[in-house]
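A.B. asks: Sequence:
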Amino acid sequence: MLEHGGRLRRAAEHYGIALADWMDLSTGISPWAYPVPPVPETAWQRLPEDDDGLDEAAARYYGSAELLAVAGSQPAIQALPAVLPGARVRLLAPGYAEHAHAWRERRPRSIDAEEVEGAIDDSDVVVLVQPNNPTGVHFDRDRLLDWHARLARRGGWLVVDEAFADTTPAHSLVPLAGRPGLVVLRSLGKFFGLAGARVGFVFAPTEVRTALAERLGPWTLAGPARWAAHHALADTAWQAAQRARLDAAGARLHRLLQAHGLESCGPALFQYVRLPHAAQVHAAFARRGILLRRFDAPPALRFGLPADEPRWARLEAALADCPNLLKEP
Numbered sequence: 004m005l006e007h008g009g010r011l012r013r014a015a016e017h018y019g020i021a022l023a024d025w026m027d028l029s030t031g032i033s034p035w036a037y038p039v040p041p042v043p044e045t046a047w048q049r050l051p052e053d054d055d056g057l058d059e060a061a062a063r064y065y066g067s068a069e070l071l072a073v074a075g076s077q078p079a080i081q082a083l084p085a086v087l088p089g090a091r092v093r094l095l096a097p098g099y100a101e102h103a104h105a106w107r108e109r110r111p112r113s114i115d116a117e118e119v120e121g122a123i124d125d126s127d128v129v130v131l132v133q134p135n136n137p138t139g140v141h142f143d144r145d146r147l148l149d150w151h152a153r154l155a156r157r158g159g160w161l162v163v164d165e166a167f168a169d170t171t172p173a174h175s176l177v178p179l180a181g182r183p184g185l186v187v188l189r190s191l192g193k194f195f196g197l198a199g200a201r202v203g204f205v206f207a208p209t210e211v212r213t214a215l216a217e218r219l220g221p222w223t224l225a226g227p228a229r230w231a232a233h234h235a236l237a238d239t240a241w242q243a244a245q246r247a248r249l250d251a252a253g254a255r256l257h258r259l260l261q262a263h264g265l266e267s268c269g270p271a272l273f274q275y276v277r278l279p280h281a282a283q284v285h286a287a288f289a290r291r292g293i294l295l296r297r298f299d300a301p302p303a304l305r306f307g308l309p310a311d312e313p314r315w316a317r318l319e320a321a322l323a324d325c326p327n328l329l330k331e332p
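Numbering of the sequence shown is given in our numbering, commencing with residue 4 and proceeding in unit increments.
Please keep in mind that the hints were generated in silico from the structure rather than gathered at the bench. It is possible that part of the hints are untrue.
Cβ-Cβ distance ranges computed for the label pairs, FRET-style [to be verified]:
hint: 1; residue 1: E210; residue 2: P279; range: 45 to 55 Å
hint: 2; residue 1: D311; residue 2: H174; range: 28 to 38 Å
hint: 3; residue 1: P183; residue 2: C268; range: 26 to 36 Å
hint: 4; residue 1: P313; residue 2: G19; range: 19 to 29 Å
hint: 5; residue 1: R13; residue 2: G56; range: 16 to 26 Å
hint: 6; residue 1: E210; residue 2: A323; range: 49 to 59 Å
hint: 7; residue 1: A23; residue 2: A122; range: 43 to 53 Å
hint: 8; residue 1: R246; residue 2: E108; range: 22 to 32 Å
hint: 9; residue 1: H263; residue 2: R107; range: 34 to 44 Å
hint: 10; residue 1: A173; residue 2: P313; range: 48 to 58 Å
hint: 11; residue 1: D125; residue 2: G19; range: 49 to 59 Å
hint: 12; residue 1: T209; residue 2: H174; range: 16 to 26 Å
hint: 13; residue 1: E217; residue 2: A323; range: 50 to 60 Å
The beta-carbon is built from N, C-alpha and C at its ideal position, and this holds for glycine as well.
Construct the entire structure; sequences and hints are all you get.
C.D. replies: Right, here's the structure in full:
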């Protein structure tokens, strides 16, 4: 099992702080979830049907009908190595660890953001997260298109995980889905705050989607989850308001961390801070009932967004309480 954010129950037990007293800033999930309408009984009673309008709503929202609905992007991440050929696999590091775990049997080589350009012509599969989780690194869209074209000419593949791309939709590669050599993953968990629904989409050529569907089997997405996703993807007014709210909150978090001497970067949903003593800072915040996401290679922390003014004040107080700890020893 790989380590992920959001393990509140474990933190509550470890630090002896009641679960209800925690503030979870570890996940990068929006603290403002889409208000799903009441789920009809039929969504619970009937087997899910793939002609319920979800695919059409997703195509309008993302900009392509070349899609396969899956139970979050995780099943696709795990299944893609069985579907995509190629021995020379390169993955961005640090990055979302499930990608490296899924490709481990091909002994993938980790590359940093500066090394991607030089690795393209010596790779069969390149896996990127855009914007990157956890570092927030963002690649120019034209550069991604060039990398894809160079890989595709040799029968290679560019896999782009766009889990955090909803606040910058113009940068997405989804409208190009269906081209040979391109796979794009999207998820409702972060922007829509519906991580528990486990809804995602794979945008890829028909043969890739067919092979994935055969491996994953029928009814991968539960009926209530399809109901929630359909409504969320169709609600353009809520999406616009959410985008503005997240942009403002992300900028506020960046300013707050900067005011306390922490250089950070990231998309609207989180900020990433490299600290040699990240473990000590993580523990200090945990003792205050604030859960951050800790990374060890390199040592770093990820800060998610507080949900309301009392939580903003609580975060600011924690930052102010330990100024010496935040400085490099």
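A.B. asks: Decide, hint by hint, whether the structure agrees.
C.D. replies: Hints and how they fare:
no., hint, in the structure
1, E210 / P279: 45 to 55 Å, "holds (47 Å)"
2, D311 / H174: 28 to 38 Å, "holds (29 Å)"
3, P183 / C268: 26 to 36 Å, "holds (33 Å)"
4, P313 / G19: 19 to 29 Å, "holds (22 Å)"
5, R13 / G56: 16 to 26 Å, "violated (39 Å)"
6, E210 / A323: 49 to 59 Å, "holds (56 Å)"
7, A23 / A122: 43 to 53 Å, "holds (47 Å)"
8, R246 / E108: 22 to 32 Å, "violated (39 Å)"
9, H263 / R107: 34 to 44 Å, "holds (38 Å)"
10, A173 / P313: 48 to 58 Å, "violated (34 Å)"
11, D125 / G19: 49 to 59 Å, "holds (51 Å)"
12, T209 / H174: 16 to 26 Å, "holds (25 Å)"
13, E217 / A323: 50 to 60 Å, "holds (55 Å)"
This entry does not satisfy hints 5, 8 and 10, going by the numbered hints stated previously.
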